[in-house]
Amino acid sequence: MRIQVRRTGGFAGIERFAEVETTGRADASEWHTLVERALADGRGTPPVGVPDGFSYQITVDGKTVYAADPRLTDEQRRLISRVLREGA
Amino acid sequence: MVAGGDSAVTHCDDCSMPTTQPTSPAAGGGTEPVFCAIVPPHVLDKLARHGDPVLSGPARRTIQRDAIERTQRNLATVMGAAAVAPRAGAEPGKPHRTVYDARHGTDLPGRKVRAEGQEPGKDATVNRAYTGLGATFELFLTAYGRDSIDGTGMPLDATVHYDREYNNAFWNGEQMVFGDGDGEIFLDFTLPIDVIGHELTHGVTQYTANLTYYGQPGALNESVSDVFGSLIKQYTLGQTAAEADWLIGAGLLAPRVTGEALRSMKAPGTAYDDDVLGKDPQPATMDDYVRTGRDNGGVHINSGIPNHAFYLLATELGGHAWERAGQIWYDVLTSGALKEDALFTDFATATVRAARERYGDGDEREAVAKAWEQVGVRTL
Numbered sequence: 001m002r003i004q005v006r007r008t009g010g011f012a013g014i015e016r017f018a019e020v021e022t023t024g025r026a027d028a029s030e031w032h033t034l035v036e037r038a039l040a041d042g043r044g045t046p047p048v049g050v051p052d053g054f055s056y057q058i059t060v061d062g063k064t065v066y067a068a069d070p071r072l073t074d075e076q077r078r079l080i081s082r083v084l085r086e087g088a
Numbered sequence: 001m002v003a004g005g006d007s008a009v010t011h012c013d014d015c016s017m018p019t020t021q022p023t024s025p026a027a028g029g030g031t032e033p034v035f036c037a038i039v040p041p042h043v044l045d046k047l048a049r050h051g052d053p054v055l056s057g058p059a060r061r062t063i064q065r066d067a068i069e070r071t072q073r074n075l076a077t078v079m080g081a082a083a084v085a086p087r088a089g090a091e092p093g094k095p096h097r098t099v100y101d102a103r104h105g106t107d108l109p110g111r112k113v114r115a116e117g118q119e120p121g122k123d124a125t126v127n128r129a130y131t132g133l134g135a136t137f138e139l140f141l142t143a144y145g146r147d148s149i150d151g152t153g154m155p156l157d158a159t160v161h162y163d164r165e166y167n168n169a170f171w172n173g174e175q176m177v178f179g180d181g182d183g184e185i186f187l188d189f190t191l192p193i194d195v196i197g198h199e200l201t202h203g204v205t206q207y208t209a210n211l212t213y214y215g216q217p218g219a220l221n222e223s224v225s226d227v228f229g230s231l232i233k234q235y236t237l238g239q240t241a242a243e244a245d246w247l248i249g250a251g252l253l254a255p256r257v258t259g260e261a262l263r264s265m266k267a268p269g270t271a272y273d274d275d276v277l278g279k280d281p282q283p284a285t286m287d288d289y290v291r292t293g294r295d296n297g298g299v300h301i302n303s304g305i306p307n308h309a310f311y312l313l314a315t316e317l318g319g320h321a322w323e324r325a326g327q328i329w330y331d332v333l334t335s336g337a338l339k340e341d342a343l344f345t346d347f348a349t350a351t352v353r354a355a356r357e358r359y360g361d362g363d364e365r366e367a368v369a370k371a372w373e374q375v376g377v378r379t380l
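Top line first, the protein sequences correspond to chains A and B. Counting in the working numbering, the final residue of the first sequence is number 88, and the numbers go up one at a time with none missing. Counting in the working numbering, the final residue of the second sequence is number 380, and the numbers go up one at a time with none missing.
Check each hint, because a few of them may be wrong.
As the list claims (entries may be wrong) - DMTMM-like, lysine to aspartate or glutamate: derived pairs with alpha carbons at most 25 Å apart: (1) Lys279/B x Glu86/A; (2) Lys112/B x Glu86/A; (3) Lys279/B x Glu15/A; (4) Lys266/B x Glu15/A.
To be verified - Chain B regions said to be covered by chain A (calculated; three or more residues, Cβ under 8 Å): (5) 191 to 197; (6) 210 to 224.
Unchecked claim - Non-contacting residues of chain A with respect to chain B, defined by C-beta distances greater than 12 Å in every case (computed): (7) Gly9; (8) Glu15; (9) Arg25; (10) Ala40; (11) Gly87.
By construction, these hints were calculated from the structure, which means they are not laboratory data. In this text, all values refer to a predicted model and were calculated from it rather than measured experimentally. Note that CB positions come from ideal geometry on N, CA and C, so glycine has one too.
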């Protein structure tokens, strides 16, 4: 499973992108559970965020959902920060 | 950057029934009734002005959130009646600040750590936020006669230490939120006073011109926050237009980053050029206008154009930029004549008109028209 996160906007307006390929990873099932929960609450279209808030695009195996600060679910927040931290 | 397919879609999808649901962090946490589209607006409006806070609180928050979701709506109009209600502990012409600590979590507003009138504590971040809110309040009051964000003494709430290594600050429709930065690229977002002023000005814009946060009106919304953010810094330092650095976010970038700030109003596109961050993408003129769907249609990118126009006007007029140049911008923001979906040319035209109305057909009007001409924005 390939998980991609694109973060745009924010005060600085600087974009960040990272992706994680879970195939072959020891913690793959943990990622899959997190992804399932994060995607369940994602939106099909980009929400209008708050001024200077980050906007997120989460793409998993080609399917994309959108979310924006500060209205992220805990699972979305965890998934996003993990991918941006651990991904390449 | 290329034109993207992303588009702003505005609809309230948080709920579809007037039932009890967990509220978003923006609504203040806890569980309370959420009134949504199924409740007619006039009922919501009436509820918002109800004497019982149990009824008025959730209704007002619903209106506020709805106003953010549907950026077409003018919060100032909807909230007008409620805004004049007396506020506990607030004196006219005095700030009513509260700083909260999210303690690295994301629940807003967090734990109250400093209320109005309390002495500084040990946390420098809390103290900076408190002082920055005070400076912003003071500029709007003394320079423009505006009593707080909404013009009627609205309390100024800020949350610091939001999340962990959080590289951002934002206005959530009700309050300011500041991250600590990751220490690698960004430092504490309360460090530059113009960042605090920038966030608070988003509140002022929400209650006045309510510029749609997308595309050109979004870039104007951003630019207005940069303009008054910079003016707050200049006012605090007592600087003239010639003395000011015209930078946004100076002191926010970690030492290893190659850059002096996040944006430059004096020379858009030159604030940073770094291996990790990339290069400052801001244009200074319409020739380099960036078409993109990202960043809400480039709101933090194309804001460079109106930012530079303001800089050109302020330096042409000379002296304190918050006086004549700032006054003209403030007049446009609060005139009620600007549409929420105003384009650069609409805003520019309004500034020329505002300059004439306030100062007659003199240097000011001429300097305003010249500044827009230099950045390639047409005035009608």
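Taking the hints in turn, this is what the structure says about them:
Taking the CA atoms of Lys279/B and Glu86/A, the gap is about 24 Å. The hint holds against a cut of 25 Å. As the CA atoms of Lys112/B and Glu86/A are separated by approximately 34 Å, the hinted pair breaks the 25 Å bound. Taken as a hint, the Lys279/B and Glu15/A pair is honoured in the structure, with Cα atoms around 11 Å apart against an allowance of 25 Å. As the CA atoms of Lys266/B and Glu15/A are separated by approximately 23 Å, the hinted pair is consistent with the 25 Å bound.
With a threshold of 8 Å between beta carbons, the proposed coverage of the stretch 191 to 197 of chain B by chain A is violated, since 1 of its residues qualify and at least three are required. A count of 4 residues in the stretch 210 to 224 of chain B with a Cβ less than 8 Å from any Cβ of chain A is obtained; the coverage claim is therefore met, three being the minimum. In this structure Gly9/A is not separated from chain B by more than 12 Å, as the shortest Cβ-Cβ distance comes to only about 5 Å. A beta-carbon of chain B comes within 12 Å of the beta-carbon of Glu15/A; the shortest separation is about 7 Å.
Distance check for Arg25/A against chain B: the nearest CB is about 23 Å away, which clears 12 Å, and the non-interface claim stands. The beta carbon of Ala40/A is kept farther than 12 Å from every beta carbon of chain B, the shortest such distance being approximately 14 Å. Listed as outside the interface, Gly87/A is consistent with that label: its C-beta sits roughly 15 Å from the nearest C-beta of chain B, beyond the 12 Å cut-off.
Checked against the numbered hints given earlier, this structure breaks hints 2, 5, 7 and 8; the rest are met.
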